[in-house]
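S.K.: For the sequence shown, the working numbering assigns the number 1 to the initial residue and increments by one for each residue that follows.
Worth flagging that the hints you see were computed from the coordinates, not collected in a lab.
Only a predicted model underlies this, so the values are computations on that prediction, with no experimental measurement involved.
Hints are supplied without guarantee of correctness; some may be wrong.
To be verified - Pair by pair, the computed Cβ-Cβ distance ranges are: (1) Ser-20 / Asn-57: 43 to 49 Å; (2) Arg-41 / Arg-21: 17 to 23 Å; (3) Phe-32 / Ala-68: 39 to 45 Å; (4) Leu-62 / Arg-21: 38 to 44 Å; (5) Thr-63 / Arg-21: 36 to 42 Å; (6) Ala-68 / Val-23: 48 to 54 Å; (7) Asp-27 / Arg-61: 47 to 53 Å; (8) Glu-79 / Asp-24: 34 to 40 Å.
Cβ coordinates follow ideal geometry from the N, Cα and C atoms, glycine included.
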Amino acid sequence: MTLYTSISVSWGGVGNPPVSRSVDEEDRRSFFATLTPAGHRRPREARPTHNEVIRTNLTRRLTASQLASLGAVWETILES
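Using the sequences and the accompanying hints, generate a full structural model.
M.R.: Laid out in structure tokens, this is it:
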């Protein structure tokens, strides 16, 4: 199964695919994958659910001090 086939299977293969595929004209053995408007929408649509899962399973379980420490860790990571 190719990557494109696995993407097609994951969205059901019908209607608004999240990715379009085009042949690389300079090297016809390879393809370019580009997010379609549907592909750009998916993360925005998933964000509320993602945020709630993070709140439920992580941030609501931490104290204010632990959240501050976690924030400091992320700042260090993002500065790298």
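S.K.: Compare the structure with each hint and give your call.
M.R.: Do the hints match the structure? See the list:
Checked against the hint of 43 to 49 Å, the pair Ser-20 and Asn-57 fails, with Cβ atoms roughly 34 Å apart. The hinted window of 17 to 23 Å between Arg-41 and Arg-21 holds, with their beta carbons roughly 18 Å apart. The hinted range of 39 to 45 Å is satisfied by Phe-32 and Ala-68, whose Cβ atoms lie roughly 43 Å apart. For Leu-62 and Arg-21, the hinted distance range of 38 to 44 Å is satisfied, since their beta carbons lie about 42 Å from each other.
The hinted window of 36 to 42 Å between Thr-63 and Arg-21 is violated, with their beta carbons roughly 48 Å apart. A C-beta distance of roughly 51 Å is found between Ala-68 and Val-23, which places it inside the suggested range of 48 to 54 Å. The hinted range of 47 to 53 Å is satisfied by Asp-27 and Arg-61, whose Cβ atoms lie roughly 50 Å apart. Against the hinted window of 34 to 40 Å, the Cβ-Cβ separation of Glu-79 and Asp-24 comes to about 36 Å, which satisfies the hint.
Hints 1, 5 from the list above are not met by this structure, while the remaining hints are.
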